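Engineer: Each chain, written out:
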Amino acid sequence: MFFHIVLERNMQLHPRHFGRNLRENLVSKLVKDVEGTCSGRHGFVVAITGIENVGKGLIRDGTGFVTFPVKYQCVVFRPFKGEILEAAVTMVNKMGFFAETGPVQIFVSNHLIPDDMEFQSGDMPNYTTSDGSVKIQKDSEVRLKIIGTRVDATEIFCIGTIKDDFLGVINDPTTA
Amino acid sequence: MSEKGGRMFSLPTKTTPKSSLKSTAGKDDNSAKSKRGRKVQFGTEGSPDVNFSSPKSDGKFATPFGKGGKGEKAANGGKTHVAKESQSLELRVEQELPENVKCLMDCEAAGILEGIQDQMVILSSDPTIKLPESFGSGLQYAKTGSYYTNPQSVRKVLQSLTKYGVSNSEICVIANTCPETVDEVFALVRSLEAKRSKLTGPLKDVLEELAKLKTST
Numbered sequence: 002m003f004f005h006i007v008l009e010r011n012m013q014l015h016p017r018h019f020g021r022n023l024r025e026n027l028v029s030k031l032v033k034d035v036e037g038t039c040s041g042r043h044g045f046v047v048a049i050t051g052i053e054n055v056g057k058g059l060i061r062d063g064t065g066f067v068t069f070p071v072k073y074q075c076v077v078f079r080p081f082k083g084e085i086l087e088a089a090v091t092m093v094n095k096m097g098f099f100a101e102t103g104p105v106q107i108f109v110s111n112h113l114i115p116d117d118m119e120f121q122s123g124d125m126p127n128y129t130t131s132d133g134s135v136k137i138q139k140d141s142e143v144r145l146k147i148i149g150t151r152v153d154a155t156e157i158f159c160i161g162t163i164k165d166d167f168l169g170v171i172n173d174p175t176t177a
Numbered sequence: 010m011s012e013k014g015g016r017m018f019s020l021p022t023k024t025t026p027k028s029s030l031k032s033t034a035g036k037d038d039n040s041a042k043s044k045r046g047r048k049v050q051f052g053t054e055g056s057p058d059v060n061f062s063s064p065k066s067d068g069k070f071a072t073p074f075g076k077g078g079k080g081e082k083a084a085n086g087g088k089t090h091v092a093k094e095s096q097s098l099e100l101r102v103e104q105e106l107p108e109n110v111k112c113l114m115d116c117e118a119a120g121i122l123e124g125i126q127d128q129m130v131i132l133s134s135d136p137t138i139k140l141p142e143s144f145g146s147g148l149q150y151a152k153t154g155s156y157y158t159n160p161q162s163v164r165k166v167l168q169s170l171t172k173y174g175v176s177n178s179e180i181c182v183i184a185n186t187c188p189e190t191v192d193e194v195f196a197l198v199r200s201l202e203a204k205r206s207k208l209t210g211p212l213k214d215v216l217e218e219l220a221k222l223k224t225s226t
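Chains A and B supply the protein sequences, listed in that same order.
Using our numbering, you'd call the opening residue of the first sequence number 2 and step up by one each time.
Using our numbering, you'd call the opening residue of the second sequence number 10 and step up by one each time.
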């Protein structure tokens, strides 16, 4: 889910950036440092939408660097347990399938795929129902529920399920 | 829930009843793997405030929403066992994030991100300014996930549900999933099940209004 949030960060600036364009330099450094990063609490910082406040700079002892506390608004994307998402399938194997929602990877284990769907190997591995009416393969769109998340330094990874009411394939690329 | 101070997210552990999920083997492997290294962990609760300020917000907001949720569950009487299990898979966005966070619907996020992308076209003469990869994938997801032509009208229609105790995050999930029936809403947003009797009527009206606002594809 996307969120609009105000975050705060202490930015260190080298004296060579001081002068008339101090604020612009500070903002561009903030954008370079923060956009595209990921944290456990807030998820992916997708884009900075504005600067709310730049505090007074404090000169650090021993170096010429100055630390500015900057409050900024940004759009973040963070998946939550219990959230319903639509994802595009990227890979299918006998353990389950991988899907992507924005910058987040989701894995759906075969234990969390309905029992009437079976893995079919081949050039285009897929999960298909016994009557062949529903198929999950690469590029299919599925609606799934997040049941767990993990965050490491650069990305968020989730576990999902489609073994629930109103979950499963939305769009089959072969019929589209 | 006891793990509020936990650092990482995790799947329900062995102590949590799992009958509704009907699968244990996959999860056992995951919890075994998690013991080997701290990086790879699946947890049931959100992380504490690590890098950012406002530590007070964790205590502040866990209580009112926690009380409300648990009060509702206790009123169901004999269903507490099932209620605990479904509660672990319910959205608890407001409890895990500070108050100043605004939940965005996919259509609203798409509008904001498209605006930023348009600005980047103007700024693109500066080679040092580049949009991160997550921006492109986030924008594409927001665009494909938004079914409505006018996010403001959608927000207005769904705001009427707030007086029945529907939280902002639940409203966003309803908008993003674009449900067709009231049953679908209650199946997808389990946390609303407790208020089913008073929400059914208003939800029907809201879904009719939303159907009119959908883009024709």
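Just so you know, the hints here were simulated from the structure itself, not pulled from any lab data.
As the structure is a prediction and not an experimental result, all values here were calculated from the model.
The reader is advised that the hints may include incorrect statements.
[Said to hold, decoys possible] Listed next, the in silico DSS-like pairs over lysine-lysine satisfying Cα-Cα at most 27 Å (straight line):
no. : chain 1 : residue 1 : chain 2 : residue 2
1   : A       : LYS30     : B       : LYS204
2   : B       : LYS152    : A       : LYS136
3   : A       : LYS72     : B       : LYS139
4   : A       : LYS30     : B       : LYS172
[Claimed, not checked] One side only, chain A facing chain B, incomplete, derived with CB under 10 Å:
no. : residue
5   : HIS15
6   : ARG17
7   : PHE19
8   : GLU36
9   : HIS43
10  : ILE52
11  : VAL55
12  : LYS57
13  : VAL77
14  : GLY83
15  : GLU87
16  : LYS139
17  : ASP140
Quick reminder that beta carbons are idealized off the backbone N, C-alpha and C, glycines included.
Engineer: Take the shortest C-beta to C-beta distance between GLU87 (chain A) and chain B; is it under 10 Å?
Structural biologist: GLU87 (chain A) check passes; min Cβ-Cβ to chain B is 6 Å, inside 10 Å.
Engineer: Under the criterion of a CB-CB separation shorter than 10 Å, is GLU36 (chain A) in contact with chain B as hinted?
Structural biologist: It holds, given that the least Cβ distance between GLU36 (chain A) and chain B is near 5 Å, below 10 Å.
Engineer: Under the criterion of a CB-CB separation shorter than 10 Å, is PHE19 (chain A) in contact with chain B as hinted?
Structural biologist: 19 Å, violated
Engineer: Taking 10 Å as the limit, does the beta-carbon of HIS43 (chain A) come near enough to a beta-carbon in chain B?
Structural biologist: 7 Å, holds
Engineer: Is the interface hint for LYS57 (chain A) satisfied, with its Cβ closer than 10 Å to some Cβ of chain B?
Structural biologist: 16 Å, violated
Engineer: Is the interface hint satisfied for ILE52 (chain A)? The criterion is a beta-carbon contact with chain B at less than 10 Å.
Structural biologist: 14 Å, violated
Engineer: Was the hint right that VAL77 (chain A) lines chain B, CB cutoff 10 Å?
Structural biologist: The hint holds - VAL77 (chain A) has a Cβ within 10 Å of chain B, the shortest such distance being about 9 Å.
Engineer: Taking only the CA atoms, is the gap from LYS72 (chain A) to LYS139 (chain B) under or equal to 27 Å?
Structural biologist: 21 Å, holds
Engineer: Does the alpha-carbon distance linking LYS30 (chain A) and LYS204 (chain B) stay inside the 27 Å limit?
Structural biologist: 47 Å, violated
Engineer: Need the status of pair LYS152 (chain B), LYS136 (chain A): alpha-carbon distance at most 27 Å?
Structural biologist: Measuring from Cα to Cα gives roughly 25 Å; hence the hint holds.
Engineer: Let's test the interface hint: is any C-beta of chain B closer than 10 Å to that of HIS15 (chain A)?
Structural biologist: Violated, because the Cβ-Cβ distance from HIS15 (chain A) to chain B comes to roughly 16 Å (cut-off 10 Å).
Engineer: Under 10 Å, Cβ to Cβ, is where GLY83 (chain A) needs to be relative to chain B, so tell me if that hint holds or is violated.
Structural biologist: 4 Å, holds
When held up to the earlier numbered hints, the structure conflicts with 1, 4, 5, 6, 7, 10, 11, 12, 16 and 17 and fits the remainder.
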